[in-house]
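Student: Quick mapping for you: the protein sequence lines, in order, are chains L and A.
Using numbering that gives the first Met the number 0, the first residue of the first sequence is number 0, and each one after it goes up by one.
Using numbering that gives the first Met the number 0, the first residue of the second sequence is number 0, and each one after it goes up by one.
Simulated from the structure, these hints should not be mistaken for laboratory data.
You may find that some hints are simply not true.
Simulated crosslink set (DSSO-like; lysine-lysine; CA at most 30 Å straight-line) [unchecked claim]:
| no. | chain 1 | residue 1 | chain 2 | residue 2 |
| --- | --- | --- | --- | --- |
| 1 | L | K672 | A | K787 |
| 2 | L | K340 | A | K367 |
| 3 | A | K454 | A | K439 |
| 4 | L | K333 | A | K367 |
| 5 | A | K289 | L | K367 |
| 6 | L | K289 | A | K334 |
| 7 | A | K289 | L | K334 |
| 8 | L | K111 | L | K340 |
| 9 | L | K772 | A | K363 |
Treat the numbers as computed from the prediction; the structure is a model and nothing was measured.
There are 2 protein chains.
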Amino acid sequence: MSLLSTTGHYTAGSAKGMQDKTCTTDGYGVMSAPGGRPVPGGSASEVEEAVMSDSNELESISPYGKARSTVKGEPLSKEEIEKYNDFFKASLYLSLGMIYLRQNPLLKEPLKKEHLKARLLGHFGSAPGQIFTYMHFNRLISKYDLDAIFISGPGHGAPAVLSQAYLEGTYSEVYPENSEDEEGMRHFFKQFSFPGGIGSHATPETPGSIHEGGELGYSVSHAFGAVFDHPNLIALTMVGDGEAETGPLAASWHSTKFLNPITDGAVLPVLHLNGYKINNPTLLARIPHKELEYLFRGYGYEPYFVEGDDVETMHQAMAATLEQCVVEIRKVQKKARESGKALPRPLWPMIILRSPKGWTGPRKIDDKYLEGYWRAHQVPITDVHENPEHLKLLEKWMRSYEPERLFADGKIGPDLKALCPTGQRRMSANPVANGGLLRKPLKMPDFRKYAIEVKTPGVTMDASMTNMSTFLRDIIAMNPTSFRLFGPDETESNKLAKVYQAGKKVWMGEYFEEDENGGNLAPEGRVMEILSEHTCEGWLEGYILSGRHGLLNSYEPFIHVIDSMVNQHCKWLEKCLEVEWRNKVASLNILLTAVVWRQDHNGFTHQDPGFLDVVANKSPEVVRIYLPPDGNCLLSCMDHCLRSSNYVNVVVADKQEHLQYLSMEEAEIHCTKGIGIWPQFSTDRGEEPDLIMASCGDIPTHESLAAIDLLLQHFPELKIRCVNCVDLFKLISHVDHPHGLTDPEWVSLFTDNTPIIFNFHSYPWLVHRLTYKRPGNANMHVRGYKEKGNIDTPLELAIRNQTDRFSLAIDAIDRIKGLANRGAAARESLRNAQIKARNEAFEMGIDPPFLKNWTWPHNGLWKSGVPKLI
Amino acid sequence: MSLLSTTGHYTAGSAKGMQDKTCTTDGYGVMSAPGGRPVPGGSASEVEEAVMSDSNELESISPYGKARSTVKGEPLSKEEIEKYNDFFKASLYLSLGMIYLRQNPLLKEPLKKEHLKARLLGHFGSAPGQIFTYMHFNRLISKYDLDAIFISGPGHGAPAVLSQAYLEGTYSEVYPENSEDEEGMRHFFKQFSFPGGIGSHATPETPGSIHEGGELGYSVSHAFGAVFDHPNLIALTMVGDGEAETGPLAASWHSTKFLNPITDGAVLPVLHLNGYKINNPTLLARIPHKELEYLFRGYGYEPYFVEGDDVETMHQAMAATLEQCVVEIRKVQKKARESGKALPRPLWPMIILRSPKGWTGPRKIDDKYLEGYWRAHQVPITDVHENPEHLKLLEKWMRSYEPERLFADGKIGPDLKALCPTGQRRMSANPVANGGLLRKPLKMPDFRKYAIEVKTPGVTMDASMTNMSTFLRDIIAMNPTSFRLFGPDETESNKLAKVYQAGKKVWMGEYFEEDENGGNLAPEGRVMEILSEHTCEGWLEGYILSGRHGLLNSYEPFIHVIDSMVNQHCKWLEKCLEVEWRNKVASLNILLTAVVWRQDHNGFTHQDPGFLDVVANKSPEVVRIYLPPDGNCLLSCMDHCLRSSNYVNVVVADKQEHLQYLSMEEAEIHCTKGIGIWPQFSTDRGEEPDLIMASCGDIPTHESLAAIDLLLQHFPELKIRCVNCVDLFKLISHVDHPHGLTDPEWVSLFTDNTPIIFNFHSYPWLVHRLTYKRPGNANMHVRGYKEKGNIDTPLELAIRNQTDRFSLAIDAIDRIKGLANRGAAARESLRNAQIKARNEAFEMGIDPPFLKNWTWPHNGLWKSGVPKLI
């Protein structure tokens, strides 16, 4: 196998430049190389006409050598280049300082072991390329008065963004102890990746950040989410080439097919071919140049390459290229806005920056590659505590960035400061990245207007979800630039199609004649559908973190696809609660339907209600779970969730027609309490009950009520108490969750000595895990979903094999005291009915009518009218 | 906004052909159009030299019109075309029959409502395109004696694969009640998407399937997994254009960078531009032709287009294109194998098939588009029960497929049968797709050989993971074609780098000079690393489902990324247990490290041990969870998992240096029991204990033992029983999991009246959910991870704020009876020590030595030698 091989298909892949570099440079001398040709800065129109390189120049896939770039032009003067050199050095110095220093922040003394952190942590690898991009974009922010944010995709990219926030002054403004002087710098260094300090990502503590980048894959979808409905915003988005290997990132490039150039802003992605991950080359840095170009043209972008390690020429190339991109973005937007035509979809510019990992660091240490290799990923020299030679090397490297000159007054001088934009134009201080500042309450119609009329409980049939969709529709209409509905191709299937009356589906792809009739597509739509839960969720996060509101609707079984994204958002929110300057953002609302109990026909793969378990593990400060039993409760819950802030709200509701139980007035009372006794379905009349039939979830509630009916048919005298739970966290102790019941409250509902048959929407163990501490918890018998491939119950009940009315009633009979022989007889009769129903369904393919058409028959029990919730 | 718009960039997107089609055809007349030009079948060499189209012809993105294709050629004779027409019709007839019919399977009588299924379920949309591809590939299987499997990516694609398995005879062979006659066909139809029947995906019941396709996104990674180390296998892989929008699928196209043309087989992807998802156009069907071509060239493929709806010309185009691809694949392989050079990476062929959704169905019904629109996605005509006209239309449509002629004897005639390969060459009968048939036990060295010597318990320090990696290394060496290690760029970081001595990392990208020193890359490697958990897991699934063995290693916090994939694999395994002809496959082994308790420096985003909750919800028949406390236990667990079959095994182990507790002999005893008393760390000496200190997980065990030490320092007389759990499912009742303890066994360990301080690796509620039914469960106090952004304990203990030794000891003191004032004093002293340790860590950045260097100091307690496990 030959090293330095190239594919046979393209004339690509020579690593010649790299070899030259290896021979002639020791790495940290790079910065003091003689300057390039000074040229005057280009104006916008000059740049627009910039000469493009011919593609032959872009054949090498080595990160080394003089700048090679698609866009030609030398917009920077010699003086400017010198300033950018200095700013780059200052930033790199801070990045190393964070990783290494606990004392002696400006190296005023010779570097000693005592100055180092005892445990070295942090990542240097991606910092140079990110800083380089950030600082050159600042020039354009100032020149064109751009409204921009920076999204740092590469993992552990904090040194890059922290150094910029510190140099821009924002960091000291929000954290005065990290002031722009020697002591402030010392504190700034020490706190980084330190116990009691801050993490190594763009965590919520980082001003200007809406994207932590702890888990990789979401930078592009977050960026697009942030620019939707922010027509002047540009999200400069660094995408790591490690991150770019992930599925979510690979899918999210297609987001341009959903970006309207009239009403939305722009994302400027910079794919950073940094070359390596922790211990491996990256895929995209090791394919021929031509494939890379094809790939991004295929994704619908106009890719501009900036490649090399020669700092002087790279300054010019990056400055010219970023400017070309900004001018192109503005041109696309101007054209669309002036013509009023969003279509045809523009090809948006993007940049491919190829620079060595750990750029400007030592190329080799002890004959092992560092810069331009995976060893530069994390702490670049690890043994400085033990190896005095390496400590000296580190010091030499750090001094090559000239701290004594650049931070002569403990901070950078005014000439360098002048390279930064000011005020809210600083990417670290843009209020978009503290979305709570911009957030306005959603305009909402009175949800009571959409009430389903329920005269007699348990008799009216109605489609809760379809009904609720009119509420959603009107919210979309009332908030035409600050609310969007997201979903993976399921809005119609989830019975929410009425929303299209207020806002169609965003579509910037080609249109066909068929679309005219029922396509519901428009460039200016308000509903976002792509068959990628990752992209939908990422967009929604970006949208709310930048100050707006939204809702994700999805099939319940496949919401596990984004378990990890939701996890990470919960962590972000939890951490934000500790960051004083962060204002609260709208909640991330997730509406789950196509629930497990309706997935008999789609099969076992479509049956998984376990997302609730994942959510329930997150901090009680930020998660809420609602399972409304009927249509009016669904309205009430949705109203509550859409008004709330800083939560992840999960609402689970069936999308099919359903029995309705509560009037709107009752629903509001019930949802406000979150859990309560339903006297209209109870026969204990305030006395000590023989049995408690509890339920949580709409279909489980239905079956639980049908089971009460079966029991009353056999034992009319039974004192049954019906309890319904909407707000799942009512079950847990108030000590563990702010919504939790106290034990006395618990006992007032469940007693501490009565059998409880609890019918639950999800896996039964979730209820046990929430209630194991409760008085009388041994009386709790929970039915819920259990994994079972073999379906042997009726169709409508198919996978409800653990939660159907017969099983519930039989469970109750087994637990109620004193039924004796009557119990055994009833048990057998119920079991026979269950078997008969199953056989009928297996023959006919549908449930027998007596199951399907069941309604609550006991409203005549109450002489003076059906009891109401109070 | 103009319909039928085209982008300004390419001359693409005219839907002219489509419009013509709309005007002239009513859909189900398509099949009887006059035949095309008969031409002789092409030989391999002819095909190789086939004339390629110029690209101008491929500008329209309409699915309608005469075939437009990259490869020209008419390899089929007129007679062959007629036969393929008939085979296509027979297949389509079966597809509709499955969806609609419960009786009258051959339409011998006029179609009546009573013949229909009461509830219509199933998806027709993708069936025609999939069938078309499948049947034309059969020609090549026969012609070239290919070893091939078919992977059906599009959602709900079962009618396509079931119809082929039935026509090939395989279905009747494995399910005799679905015989090839009228009654068998009736049964075959009825069981589909029917209570007690089979699902609408390529479920485990489907012969020839290793990919269910219930959750979308994994077809390509599964396919690559199947062909690794199967040098002659071709996985013909249909990729739905809906599925292609998902992240996992988008990433998995890059799998060719890991495919060795010498030792691996080939995947032939067919991207099916079917045009629509449930209710939306698909992205890839609505971008200009040029972008599509770029995209797949960018992914590293040679794309061949086959587009249109004119069946006659499409037969020729598909036959010629598939043949071109097969010939190219064989050419690439031949060249590499004869030269012995895997590099340069070949460009593999792939096909883009653009055909109308619901192809050959009615184009419009009641002036609404059906064929070529999203309405063809599921049941194509839904109201046949209520609308007699539509029932007639359905009958006319079904009869257009000529069942009376094609199934004259209740089955297809020998001329059509002859189009199918025979025996194991049938894709529905290839043993690769029943991998258990091919699976051979892994060759394994004796794991005891790798034992860590532990003379004194709790004193030896060693790195369990590094040690175990030598065992893994030797397994790789002993199984050079049937075991692979998978991981997202973390093998080195996870301390498993020794495996590279036996097998490097597979790399088919470009090579640089740097790779020579520490790169560990090779085209013929055995370790698979891509920064996509989805792709890694998908490969591993494909690899084991086709009869081999493997292990996925990953960071614990990001394993949630593949929650849903693991869920789906569990469901697959669970279902397989019910399918008699499926042989057991090797377990899917997941090794989790970089555990939550070591993620203080990486921060909150890297802290999530909740994957265990997701796994614990799955069927007890297929999931196993192990938390070995030390290095010898880790070896024993890994040995067990790698030998096992049909499970998802999850092993959680820290990768850092660690105290060692058990000799190999003891470890084997302990792991075999799964849970047990550790007398060497207990002071109850068989008497009734005052306290039980239990632990599960290596770091929690360490802290639990340190807490015992603290307690003994204060109360030397305490009778403490130390219990350790390796096999998590020991905790649950034997009724609920085959590994569970009986209640008497439980009581023998935990008693029913002693306080238990249980230190757990993951969220504490998982233990509560497993043990809520146990005698004395009220005595159980569990510490584990809780979400908390604010870290206020020492570094090594940083996020262990709920599980550190001080907290555990204090908990114990609060629960042991009769300590009175002595308890209060000890409590205060422990609390002070805890605060002091924290302050020291906050200042120095590392834990104080007394914490870090702690070892078990009580081995002198036992006069006659430390007690051993028995």
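Student: Looking back at the numbered hints, which does the structure fail to meet, lowest number first?
Tutor: Hint check: 3, 4, 5, 8 and 9 fail, others pass.
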